[in-house]
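Enquirer: Construct all of the structure, not just a fragment, from the sequences and the given hints.
Protein chains: 2
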Amino acid sequence: MGDKKFGIVIHGGAGTILKSKMTPEKEAEYRQKLGESLQVGYDIVEKGGAAIDATQAAVKVMEDSPLFNAGKGAVFTHEGLNEQDACIMDGKTLNSGAVAGVRRIKNPIELARLVMDKSEHILLSGEGAEAFAQMHGIEFAEAEYFYTEHRWKQLRAAKYQEKVTKADYSQLDHSDDKHGTVGAVALDRQGNLAAATSSGGMTNKKFGRLGDSPIVGAGNYANNRTCAVSGTGHGEYFITAVVSYDVSALMEYKGLSLQQAANMVIYEKLAGLGGTGGLIAIDRDGNVAMPFNTEGMYRGNLLPGQKPVIEIFKE
Amino acid sequence: MGDKKFGIVIHGGAGTILKSKMTPEKEAEYRQKLGESLQVGYDIVEKGGAAIDATQAAVKVMEDSPLFNAGKGAVFTHEGLNEQDACIMDGKTLNSGAVAGVRRIKNPIELARLVMDKSEHILLSGEGAEAFAQMHGIEFAEAEYFYTEHRWKQLRAAKYQEKVTKADYSQLDHSDDKHGTVGAVALDRQGNLAAATSSGGMTNKKFGRLGDSPIVGAGNYANNRTCAVSGTGHGEYFITAVVSYDVSALMEYKGLSLQQAANMVIYEKLAGLGGTGGLIAIDRDGNVAMPFNTEGMYRGNLLPGQKPVIEIFKE
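Residue numbers (the numbering used here), protein chains in the order written: chain A, 1 to 315; chain B, 1 to 315.
Possibly wrong hints are sitting among the right ones.
A pair counts as met if it fits within one copy or between any two copies, since identical chains are not told apart.
Calculated cross-link-like contacts (lysine-lysine; reagent style DSS-like; alpha-carbon spacing at most 30 Å) [said to hold, decoys possible]:
1) Lys159 <-> Lys21
2) Lys118 <-> Lys159
3) Lys254 <-> Lys92
4) Lys92 <-> Lys206
5) Lys269 <-> Lys92
6) Lys254 <-> Lys269
7) Lys314 <-> Lys118
8) Lys118 <-> Lys47
For the record, the hints were derived by calculation from the structure and aren't laboratory data.
Expert: Structure follows, in structure tokens:
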């Protein structure tokens, strides 16, 4: 322990988050929950715990809140279901676990961790992933748990819009509700990095679409040689740009700093493709980056000897 | 047209392919089918067609053969089903399409192409992907089509082994049947690169496990700035090492040649993690690489003015 650097960074999704549309009460709710997530994760690494446990705990706090598009607050698919994705990765061992398209898991990030710890596989999907969860006694939640009036209204609005415009609304809407994802990255006192990401997917999504969140290197990546990254945004572009691994590759192969690499990926490479979103990242020296090219990103970090940073809009 | 460089490279899976266990008849069958796949793809680029069409056509030839673990020859899951993955990517536009865990699609690579062309999404999974296929009139095949005695015996043997050893045989077996995947990469006369990969998965696999084949950057990647890559091997390691994108990143960020980058990824990075497999790659100058760290890899390439290269074992 001692003077080793450590810390945690979180996000609660990026998108069209405008100050003009946010009430002071709502903003206070978000800030309070982001602060709680940060503190829960920070306490773990502050006491000498593992970065991977810190990221998992921080993500769980956001999954348990209806405010974010993950866990309890997950958006509805076209069929009125919730299909969730999650991924967790340990930068020391490069072990990872992920689940895609699970419908009845209370905390997808805990199932991802179980896949990492108890399975030789990395990515389990759908009913198979739920069978694995059942075998290991993971907590299930029924449809009522995931029902929130706000998300249901979003689905109804999306379907109405689709009927009126005859277009596929899941492809038109670029509001924050589409981009919602939560994530955490951490550095512990042992010098280990980790990343965790959980997503409720896309309102009105169809055809078993999988996004970037469960994909190692796209939405989530950690490697002690470089950095830990969690992304949030229009998943297809994050897959195409291999966003999370690209930050690591730019550091390792081109010698860029974390901030330079993260900025290049979000402002040049992702934006160059027309992709919107952001990422959070931390490197092995405790440097932090939180770039995004949308109106806002729910985000924060907590480092030793510093006050918690919690931000929502462009500063 | 004219003197522009072009060409095609294919693989039919890597693994414990030993000359001592291969009959001359079986070897001739493999060589014949690999040659047919090469020729079909080559003819397309030779006539000025698109690299993406060439890779799709070459993969389809292997999917239609019972020899390879993709399409007709796909292995059985624990439940006695076939669950297939495929991905295709256009290096010019960086557009891609992929499907994961589809059970009744005759040619998964054609569905992946349809996802690329007709959907705003990249990766569709399971029944959702099949609903999308139905909407677009893709050819379905029933269980009997995918039944091959060879694959069924493999499943029975795997289950028996599992019972005897009380271990998870899908995790123990590293034979070529586990690693079977097919893929093609091509360069066309317009200077465009493309990659296509299709996999029947892992004998006796459970829990909706997804491998690297449907994941952009892991099992399949193409980018006109650098190269086109298709991988085959122990999927979890290919996901962890972000194998296909890593070849591209080493070229773009470190200035390595295609051969240097491909060798580093397979012989150093993948092998360093304990991962087995290989890849095929072509760059925009028509250079070809086909490294693998297993006993063998079904592979070949065809370039203008040269005889077809078709190899199976270490040379």
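Enquirer: Hint by hint, say whether it matches the structure.
Expert: Now for the hints, and whether the structure bears them out:
1. Proximity of Lys159 and Lys21 under a CA criterion of 30 Å is satisfied intra-copy only: 23 Å inside one chain copy versus 58 Å between copies.
2. For the identical chains of this complex, Lys118 and Lys159 are inter-copy neighbours only, at 20 Å across copies versus 40 Å inside a copy, given an alpha-carbon limit of 30 Å.
3. Taking the closest pair of Cα atoms, Lys254 and Lys92 come within 30 Å of each other both inside a single copy (21 Å) and across two copies (24 Å).
4. Taking CA atoms no more than 30 Å apart as the test, Lys92 paired with Lys206 passes between copies only; the shortest distance there is 27 Å, against 36 Å inside one copy.
5. Taking the shortest alpha-carbon separations for Lys269 and Lys92, both the intra-copy value of 27 Å and the inter-copy value of 15 Å come in at or below 30 Å.
6. Within a single copy, Lys254 and Lys269 get their C-alpha atoms as close as 15 Å, and across copies as close as 17 Å, so both meet the 30 Å cut-off.
7. In this homomeric assembly, Lys314 and Lys118 never come within 30 Å of each other (Cα to Cα): the closest approach is 41 Å inside a single copy and 35 Å across copies.
8. For a Cα distance limit of 30 Å, the shortest separation of Lys118 from Lys47 inside one copy, 26 Å, qualifies, whereas the shortest one across copies, 51 Å, does not.
Checked against the numbered hints above, the structure violates only hint 7.
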